[in-house]
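Visitor: Sequence:
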Amino acid sequence: MQIKSPFLLLEINKFEFVFAVAEKRTENVDFNIIFKLNVPIENIEKNNIVNVENSFENLRNNIYSIEKKFNTTFKEIIILIDDFDITYNNLTGFLKLNGSQLDKKKITYILNSLKSSIDEHENKFILHIFNSKFSLDKKKLENLPLGLFGDFYTHELSFSLINKNDYKNLENIIKKCNLRIRKVVLKNFIKGVDLISLKNAETFFKIEIMMNNTKLIFFENSALKFSQNFNFGTDIIMNDITKVLSLKKDYIRKFLSENVLIKQYNDQEYLEKKYFGDENFRKIKKKIIYDIVSARIQEIAEIILFKNINIFSLIQKKTPIFISVEDELSLSSFKEIYETSFSKNNTFALEFMKKQDTKDVFHKAMNTVHFGWKKEAVPIVQTKKSIIARFFDLIFS
2 MQIKSPFLLL
12 EINKFEFVFA
22 VAEKRTENVD
32 FNIIFKLNVP
42 IENIEKNNIV
52 NVENSFENLR
62 NNIYSIEKKF
72 NTTFKEIIIL
82 IDDFDITYNN
92 LTGFLKLNGS
102 QLDKKKITYI
112 LNSLKSSIDE
122 HENKFILHIF
132 NSKFSLDKKK
142 LENLPLGLFG
152 DFYTHELSFS
162 LINKNDYKNL
172 ENIIKKCNLR
182 IRKVVLKNFI
192 KGVDLISLKN
202 AETFFKIEIM
212 MNNTKLIFFE
222 NSALKFSQNF
232 NFGTDIIMND
242 ITKVLSLKKD
252 YIRKFLSENV
262 LIKQYNDQEY
272 LEKKYFGDEN
282 FRKIKKKIIY
292 DIVSARIQEI
302 AEIILFKNIN
312 IFSLIQKKTP
322 IFISVEDELS
332 LSSFKEIYET
342 SFSKNNTFAL
352 EFMKKQDTKD
362 VFHKAMNTVH
372 FGWKKEAVPI
382 VQTKKSIIAR
392 FFDLIFS
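If you're matching positions, the sequence shown starts at 2 in this note's numbering and goes up one per residue.
Note that these hints are calculated values from the structure, not bench results.
In the DSS-like style, the derived pairs of lysine-lysine whose C-alpha atoms are separated by at most 30 Å in a straight line are:
hint	residue 1	residue 2
1	K69	K37
2	K76	K184
3	K106	K140
4	K274	K287
5	K375	K125
6	K125	K226
7	K318	K140
8	K287	K355
9	K15	K125
10	K15	K308
11	K288	K308
12	K76	K176
13	K319	K200
14	K336	K244
15	K76	K376
16	K275	K264
17	K345	K264
18	K375	K5
19	K376	K25
20	K288	K264
21	K244	K15
22	K200	K134
23	K318	K226
24	K15	K176
25	K105	K125
26	K125	K308
With these hints in hand, go ahead and build the complete structure from the sequences.
Guide: Following this line, the structure appears as C-alpha cells:
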C-alpha cells in the first residue's frame, strides 16, 4: 500500500509503544489517522527514557514493518510521551512602563528573563511554553497587549519540562532508527486540547481513573499548568471490599454487575447466597459494601483534589471537573458515590465523560503540531532559531 504524504507518530508510555500513521486529506488541510499499532514492552520503571533503550530493536523493527506496509521511508517522527517524569514551572515577569507603550523589545526582555530562570536548571529540557496570563495595569487581557500604553505589565509563562538526559536518550534512540524528531509533545497536553474543543472550556481539571493508576490534569486559560500521576485506581476499591468481606473478587463483581449501590440500604438487606459461589454463606449487610466503597472514594477525591497541596492554590468552586472512569462496572455501580465525593455534594461542577479515544488523540496531536496551538508560545522543533525568535515568529506571523 502506498499513500500520499504519510506521517509517523509514536506514543511511549510505561507499558507499550503505540504507532500511528497519519495522512493529509486531499479535500482539506485536516489529517486522517489511517493506521494504529499497539506493541507491548517491558514495564518502564522509574518513568524515564533510559529504560526504553532496552526495547530499541522492537522499536526499529516495527518502524521498518510499517514502512514496508505503506511502501515509504519516514524521515521524521512526532512523539507523544505519557507517564514520564515531567515537571511544571509557572513564572511571571514584571515591567514598569510608567505610561509608555508596550512594544516587542520590552516583551523580549521579560521573556529572556523568564527563560534564563529555567536555563539555570541545566538538567531540564523545555517541551512546551504556554502564554498563561497577560495583565496591564492589573487588568487581565486575552491577547498580547502590544501597542497599548500603561504603567505596569505582567506576563506569565508556563513551562513543561523533562529531564534533559531523558530527552537526549530519546533523541539518540530515534536517530539510530534513521529518523529525526519533528516534535515531542505531552499526551496530557493533547488530551487537554481535545477536551477544550469538545467542551468549550478553557480552565478545568481532568481526572482519569484507571484500574491501577489515576491521572490529574489542570488547564488554565487553554494552557497546561500541571499534571500528576497517582499509583492507585479502581482496583483499590475492589481490594477493600474483598479484604473486609473475605469474599472473592469475582463474586463481588457478579453482585455489582446486577446491582447499583445505594445509600438507602437498611440493616436487614443481606448479600444473597448466589453471590458466595463455592464459599460458605455468611450474613453480610449490603450497607457495609456501600460504606466501604463510599469511604474509599471519598479518600481518593481528597488525595487527588481537595487535600492535594500541589493544587491548593488552583482549585476554585467555579472550575469544571471532568472525570472518566475506565472500569465501566465501577462507574455504573458507584456513579452516585463518585459524583457526591468529587463534587463535594454539588459544591463543584462535575461532569462524567468517556475515555478519550486513542485515534482521536493522535488526530489532535497531528493537527496541533502542524497548525500550532493558540496558547503555546513556542513550537519546540528542531531549528537553529533561538526560542525567543521562534516565539515572535509565531506571534507576529
